[in-house]
Amino acid sequence: MRIAILADPLDNQRAGVHVYTREMIRALIEQAKGHELILIREREDPDLPIRQVCVPNVHLPIGFASLRLFFLIPIVVRRLGVDAVLEPAHFGPFNLPRRIRRITMIHDLTPILLPQYHRFHSQLLQRIFLKGILQKADLVLSNSHNTSSDLQKVYPFTEGKTCTIHLGRDESYQPTSSREFLDKEGIKEPYFLYVGTIEPRKNLSSLLKAYTAFRQANHSTVKLILTGQRGWKSEAFFQQLEQHPFRKDILLTGFIEKRFLPELYSHSLALVYPSTYEGFGFPIVEAFSCGTNVICPDNSSLTEVGGLLAYFYPTGEVDRLQAHMQTVYAGGPEVTRRREEALSWVQQFSWKTYAQRLLTALEELIN
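Using the numbering used here, read the sequence shown as starting at 3 and increasing by one per residue.
A few of these clues could be false.
Pairs of lysine-lysine, BS3-like flavour, derived with a Cα cap of 27 angstroms [claimed, not checked]:
1. K190 to K163
2. K133 to K260
3. K211 to K250
4. K133 to K190
5. K354 to K211
6. K138 to K260
7. K155 to K138
No wet-lab data here; the hints were simulated from the structure.
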């Protein structure tokens with residue numbers, strides 16, 4: 003097989019879709035022996051051992067991005083003579099002849115199901131194009147059974163051509179005694195951790211409220227570290243943050259180098275991930291991989307990824323969230339057991355297995 007991957011998320015994203023695209027490509031390079039993989043992207047990475055075709059994205063106010071997406075990339079794909087095109091960010095591929103198989107990855111349907119959490123142009127584009135993309139797709143990939151269920155409810159015609167494969171874990175996430183980042187920031191106290199973009203869907207308002215209640219119930223200083231870049235519609239969160247009674251004990255790191263994340267996870271009391279909805283939830287897998295407790299709501303795919311080890315609570319219920327924070331802080335055999343068993347639980351999330359199952363699906367589709 004000759005497969006083209008539209009790998010723009012490697013160049014223009016930092017969050018979950020970037021992680022998925024990066025790790026999926028790395029795993030395919032290892033597993034796709036006998037097949038040819040070609041990346042189509044904005045700029046080349048000389049350290050990536052794979053053929054890369056660059057279609058630069060010139061940021062001009064004349065619609066060049068649309069010209070590139072709808073016309074230039076399809077021209078390049080036709081000339082490459084590929085058997086299939088994989089689009090990992092659920093927006094395309096476009097304008098291809100029927101002989102070229104189209105594979106579209108769906109991470110979640112939040113622009114459709116929860117449009118209030120997205121910028122207007124993002125939700126509008128999804129409403130205009132997503133149904134047609136899915137109708138033309140020969141294979142629809144999803145990252146969880148919850149996402150597949152949403153797909154079949156909203157777009158029933160996807161049943162029968164949807165392949166559900168849980169995503170993998172980055173094996174660089176392991177328990178560590180390193181404190182390089184924490185020492186640089188002067189963090190000596192215990193702390194709760196959040197990792198992810200700061201945006202309304204992550205429901206960080208409930209975390210700030212629970213942290214207030216937790217601190218008021220405990221005399222010792224326990225910090226809160228929020229790691230991730232600022233996202234859209236986050237103004238209300240930052241206003242709440244600046245008025246927080248324990249603001250001096252809340253650290254916003256912004257986007258940090260990946261090499262520091264294992265130590266942030268490893269030394270935290272727990273990852274608190276209060277999201278309203280997730281297609282998968284990479285931070286939960288990362289935390290478990292570092293032997294860290296996880297506190298999160300019992301919604302969407304989080305129950306799939308959290309299994310029997312996460313401390314679940316009903317979405318938005320601050321009292322239950324605060325109670326779990328108290329439980330983890332108090333420690334004990336049950337808290338220790340969950341941390342230890344997390345290391346075994348996450349072994350099922352494997353990029354090698356993901357690549358093998360994806361290749362099998364592609365071979366069945368093309369042959």
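Now for the hints, and whether the structure bears them out:
1. K190 to K163: Violated, at roughly 51 angstroms.
2. K133 to K260: Given pair K133, K260 is violated - Cα atoms ~35 angstroms apart, limit 27 angstroms.
3. K211 to K250: Measuring from Cα to Cα gives roughly 15 angstroms; hence the hint holds.
4. K133 to K190: Cα-Cα ~51 angstroms, so violated.
5. K354 to K211: violated, 40 angstroms
6. K138 to K260: Cα-Cα ~37 angstroms, so violated.
7. K155 to K138: holds, 18 angstroms
Checked against the numbered hints above, the structure breaks hints 1, 2, 4, 5 and 6 and satisfies the rest.
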